[in-house]
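**Student:** Residues per chain are reported as follows:
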Amino acid sequence: MKIVTANRLIDGEAVWLAADHGWVETIDGAEIARDVATEEKLERAGKAAICKNEVVDLALVDIDLVEGRIVPKRLRERIRAAGPTNRLDLGKQARKGVRIAA
Amino acid sequence: MYRYDEFDHAFVKARTAEFADQVDRRLAGDLTEDQFKPLRLMNGVYLQLHAYMLRIAIPYGTLSSKQLRMLAHIARTYDKGYGHFTTRQNLQFNWPALGDIPQILEDLASVEMHALQTSGNCIRNVTADHFAGAAADEVADPRPYAEILRQWSSVHPEFSFLPRKFKIAVTGAERDRAAIQVHDIGLHLKRNEAGELGFAVYVGGGQGRTPMVAKKVRDFLPEADLLTYSTAILRVYNLNGRRDNKYKARIKILVHETGTEELTRQIEAEFAEIRNGELKLPQADIDAIERYFAPPELPARPHSDDVRDPAFVSWLAHNVNPHRSPDYASVTISLKGIGEVPGDASDAQMDAIADLAEELAFDEIRVSHEQNLILPHVARADLKTVYDRLAGIGLATANAGLVTDIIACPGLDYCALANARSISVAQEISTRFGSQSRQEEIGELKLKISGCINACGHHHVGHIGILGVEKKGTELYQITLGGSGDENTSIGEIVGRGFTAGEITDAIETVVDTYLAHRTDRQETFLAAYRRLGAAPFKHALYGAEAKAA
Ligand code: SF4
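Residue numbers (numbering that gives the first Met the number 0), protein chains in the order written: chain B, 0 to 101; chain C, 0 to 549.
Extracted from the complex, chain B is given alone in its bound form (with noise of 0.2 Å):
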């Protein structure tokens, strides 16, 4: 399974693609790819993003549901939709029902 991230221009923040193509702040709203053809769907609406100066760094990243919310397999990625493991304050973590990466 795969989400697609990016981070938004104007502020670097870390962005995900949700269901409707628009770019959400939390991983928990990430529409997640569970085969290739939307894979490539939403890959081609990041790549659209990127065209409308939205969002840069676009990327594919691995993913597993754990008791229904998505975990990254990599802890870059965990760390992204957190924040720095040694501020538990900076970043999205510091906000109600965000969970820490490690």
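Hints are supplied without guarantee of correctness; some may be wrong.
[Claimed, not checked] Here are some chain C residues the structure puts well away from chain B; computed CB gaps all over 12 Å: (1) G28; (2) S159; (3) R208; (4) Q282; (5) S489; (6) A516; (7) R521.
[Stated by the list, open to error] Now the in silico label distances, taken between C-beta atoms and shown as ranges: (8) I99(B) <-> V110(C): 33 to 39 Å; (9) A93(B) <-> H8(C): 36 to 42 Å; (10) A19(C) <-> R94(B): 28 to 34 Å; (11) R94(B) <-> E440(C): 42 to 48 Å; (12) V23(B) <-> A390(C): 41 to 47 Å; (13) K40(B) <-> T31(C): 19 to 25 Å; (14) H20(B) <-> A96(C): 20 to 26 Å.
[Stated by the list, open to error] Cross-link-like lysine-lysine pairs, in silico, DSS-like; alpha carbons within 30 Å at most: (15) K166(C) <-> K65(C); (16) K91(B) <-> K36(C); (17) K79(C) <-> K51(B).
Honestly, the hints are just simulated from the structure, not real lab data. All of these numbers come straight from a predicted model, not from anything done at the bench. For each residue, glycine too, the CB sits at the ideal point set by N, CA and C.
Guided by the hints, dock chain C with the ligand onto chain B, whose structure is given.
**Tutor:** Chain C with the ligand alone, transformed into the frame defined by chain B:
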């Protein structure tokens, strides 16, 4: 301190305006990311995991109180209330919005600072001994030469698109505190037998994927020839450096592949051509720059060290460096509180240090490549006051040069290139060894951590180095031993297989305990013991029977 002249002001102002326009065009969609990326990098703007990162140049690590206050202001106003001092004597902000960066650069320009040439394949911020102009063991202040190199290398038309980035470091003392032998060019300022100033010139040092100790190409270069000789080195590199392979593009590879003798011949041949040209430095020009760095008037200040407070005595022993004037000292402000993030300082701490420097330290602050701050000129009579005030802001940890004075790069908590975390490892090791008596028992020990092979955390020259790698999706940490970044530079040797995040602190403790068990006495430092013993006892302690089989 150096002060901008009219040219500098106009130059930085023009560059700030130019970048503001580029940001506007990017946000308006007139520039693509491919077009914009090289432009933002030239202005120190990176994209990291969570946000943009702005790397600000602090030339040869020298700051005034006003400048440090401006950094505090930026941290508070545009960022998240802190900054990270780096091994390049620079400062990084981890959270600026792209749209705010033009204003940040304008604020910086108002205090004669910028972020130019903190990225890209150009000559980067020139670094220097953090005790420059103050140290008792110094021959002369290296910063005027660093400033001359800065002026010469700023948007140098010939050297702005080198095969790779290029780093120069200068020291003015026999004791090398600037790690010059792991730089592309390392300059050791010294006097010859006739008493004239000049440089021993080292070329081709570096860390990263292929660590190399620099080779000496000149034992004595007259100071007047600094720019001509540097130009000759850069020309040979620019012409012959490998542009076909990013991993082989640094000058260290050219030195290695060409051979020191042949490379020296090429440099000398180029130098002979241009030696008496326009880059030869007239003494009057050197003197003019030197005047900017004239030491402060240091009135006699009789003192007697107050030795009633044991914590203060420890701090005096570790964080106070001899000054050329016996009534004065240089103070290391440790940014390595036990369990804290190496190199981070909050806006409030930066403001408080700026006040302290203004009131008691002649308005000068330095950034060391070991990620600490320095007050270079403090009257010994004021040391207790300085200590008490630092203690009040949580910055009086008496650990300079000890095992908890750890260098750590941002690693996977921030850096887009990282394979593993550095900060959390540093914090755990710092906490484990946090007892003052235990650290003092261990003595001098430089521990350095990088989150990937780029080695921003200088792990190759750590007495103990830790390199984070990613293996099958988990963080793994390799230990190197016996590295050193001083006048006897050596590259650390990998001891064996890596350790997981859960194991690494125990492994470091095993290494330290092995040293303590084998040292001849307390005078034998970790590095000296390692050089005498070699890796065998450490391998045995870490891997047991496995080490013998390997
Ligand atoms: S060493 Fe690697 S992980 Fe650390 S700051 Fe440098 S590039 Fe990033």
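**Student:** For which of the previously enumerated hints does the structure constitute a violation, in increasing order of number?
**Tutor:** Of the numbered hints, just 1 does not hold.
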